[in-house]
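Undergrad: Based on the sequences and whatever the hints tell you, model everything.
The chain contents come next:
Protein chains: 2
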Amino acid sequence: MSAKIRLYVEHPLGQGQSVPLTREQAHYLFGVMRLGVGGGVALFNGRDGEWQAEVAEAGKRGGALICRHQSRPLQMPPDLWLLFAPIKKARTDFIVEKAAEMGAARIVPVQTDFTNAERIRQDRLQAHAVEAAEQCGGTYVPEVGDLIRLDRMLTDWQGGRQLMFCDEAEAGRASALTSGPAGAPWAILIGPEGGFSPDERVRLAGLDFAHTVSLGPRILRADTAAVAAMTLWQQAMGDWR
Amino acid sequence: MSAKIRLYVEHPLGQGQSVPLTREQAHYLFGVMRLGVGGGVALFNGRDGEWQAEVAEAGKRGGALICRHQSRPLQMPPDLWLLFAPIKKARTDFIVEKAAEMGAARIVPVQTDFTNAERIRQDRLQAHAVEAAEQCGGTYVPEVGDLIRLDRMLTDWQGGRQLMFCDEAEAGRASALTSGPAGAPWAILIGPEGGFSPDERVRLAGLDFAHTVSLGPRILRADTAAVAAMTLWQQAMGDWR
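Chains as they are written, first to last, in this note's numbering: chain A, 38 to 278; chain B, 38 to 278.
Hints are computed from structural coordinates only; laboratory data are not their basis.
Don't take every hint at face value.
If chains are identical, the list can't say which one is meant, so a pair holds when it fits in one copy or spans any two.
Cut-off 25 Å, straight-line C-alpha distance, at most; resulting in silico cross-link-like pairs (DMTMM-like, lysine to aspartate or glutamate) [as the list claims (entries may be wrong)]:
(1) Lys126 / Asp150
(2) Lys126 / Asp245
(3) Lys126 / Glu168
(4) Lys41 / Asp85
(5) Lys41 / Glu94
(6) Lys125 / Asp204
(7) Lys41 / Asp236
(8) Lys41 / Glu230
(9) Lys125 / Glu180
(10) Lys41 / Asp204
(11) Lys41 / Glu237
(12) Lys125 / Glu168
(13) Lys126 / Glu171
(14) Lys97 / Glu61
(15) Lys125 / Glu205
TA: Shown next, in the form of structure tokens:
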């Protein structure tokens, strides 16, 4: 029997391990979800898999859970990064949620020539990634990076990572995803509304690790494009195979 | 040169055709977008392709456009229906928007055993589909159907349409989309939160036109699942090939 409530914690998890709760977690479990002593919660911390735990102490300002048994091993996503240009708040939140559900290992907001955002709330986006991982049954939470300029990121590119470049100027061509070196890490790059600048497109076209991919004949919003691109990648090279 | 503003109208479009504007459209073009006489607008009506038009009369309560030349022929999407169980308002709106962007020909809200919604606002959902078509450059607007019970829909199923059934109980198996008869029309079925009932799953498994497909090892929210499933289908059998 698995608990329906899934909670991300930072504490280590293991057989008989006691896990203290923050005030916020105690409020959620005991105030909102109305759990009492003996109630079941599934825990994960991104390192030790999923554990079925039981409420040992329940208070207004805190409490503790005891880990009973591991219900799922840690399942790491493939080494896929999602690079995206932050857009309006709700859709940016949405992209982070979707990236976590779709199994991105790392989420990187990038500032492109046509990106308006000057800053992001990294902590808020990270919280969205945690919530999505709690909801989708994942045992891993992707890390949300700080906002970085795309040109700097491309200059510092490392480790043979391949880049799937979703260019809306390609709308209408075949969406084939050419594969890079076997087993290479990958990143997907989704542009902002208005797409990429001519300079960026020239630069990307000249990079030997970049692969241009079309996402069909219609122009997709950035959030749609992120899910569609991750689907193509997961099916061709990731953990949907 | 193509106008940046795209507007869906119901009026026929053709060379030299005058197109009257509703009060709402006039408010949008002249009040919000600040267009004046001579300003350019791209028009489509779902039948005659996309036309570049020019403002001929601009008033507070109406106005008229004149069609100058066709900029894109009508591009019909493949014969793909998206069947989905309505969920919370924002996510239902989102699914309709995504279905239009991804090129569904028809969108059908279905009531399943685990669907809470008793009714939908068909007119509001249709307006979302129009807006998405305006935004994504499509020349076609998918029709949003009325809410229908899934069991009734399956009983009345017609015309050799194949059904891609996205079952979250399949999470973790291969996501291969087996193809049905060549050139057959298709539908994608996305369940509500909580998935399908045991009765529904038994029934669907026994239908010769139904094909079970997995959407990877994580459990996707319904809106994510809709985009992912349409991506798989469009790439395998639709207009992304």
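Undergrad: State for each hint whether it applies.
TA: Comparing the hints with the structure gives:
For a Cα distance limit of 25 Å, the shortest separation of Lys126 from Asp150 inside one copy, 19 Å, qualifies, whereas the shortest one across copies, 34 Å, does not. Taking CA atoms no more than 25 Å apart as the test, Lys126 paired with Asp245 passes in neither setting, with 33 Å inside one copy and 44 Å between copies. In this assembly of identical chains, Lys126 and Glu168 lie within 25 Å of each other by CA distance both inside one copy and across copies; the values are 17 Å within and 20 Å between. In the homo-oligomer, the alpha carbons of Lys41 and Asp85 lie at most 25 Å apart inside one protomer (19 Å), although the nearest pairing across protomers, at 51 Å, exceeds that limit.
For a Cα distance limit of 25 Å, the shortest separation of Lys41 from Glu94 inside one copy, 19 Å, qualifies, whereas the shortest one across copies, 60 Å, does not. Proximity of Lys125 to Asp204 under the C-alpha cut-off of 25 Å is restricted to the intra-copy arrangement: shortest distance 20 Å within a copy versus 32 Å between copies. Taking the shortest Cα distances, Lys41 and Asp236 sit within 25 Å of each other only across copies (22 Å), while inside one copy they are farther apart (49 Å). In this homomeric assembly, Lys41 and Glu230 come within 25 Å of each other (Cα to Cα) only across copies, at 13 Å, whereas the closest approach inside a single copy is 38 Å.
Only within a single protomer do Lys125 and Glu180 lie at most 25 Å apart by alpha-carbon distance; the minimum there is 20 Å, versus 28 Å between protomers. With identical chains, the CA atoms of Lys41 and Asp204 are at most 25 Å apart between copies only, with a shortest distance of 19 Å across copies and 40 Å within one. Taking CA atoms no more than 25 Å apart as the test, Lys41 paired with Glu237 passes between copies only; the shortest distance there is 22 Å, against 46 Å inside one copy. Both within a single protomer and between protomers do Lys125 and Glu168 lie at most 25 Å apart by alpha-carbon distance, with minima of 20 Å and 17 Å respectively.
For the identical chains of this complex, Lys126 and Glu171 are neighbours both inside a copy (21 Å) and across copies (22 Å), given an alpha-carbon limit of 25 Å. Taking the shortest alpha-carbon separations for Lys97 and Glu61, only the intra-copy value of 9 Å comes in at or below 25 Å, while the best inter-copy value is 53 Å. When the C-alpha separation of Lys125 and Glu205 is checked against a cutoff of 25 Å, the pair qualifies only within one copy, where the shortest distance is 19 Å, while the shortest distance between copies is 30 Å.
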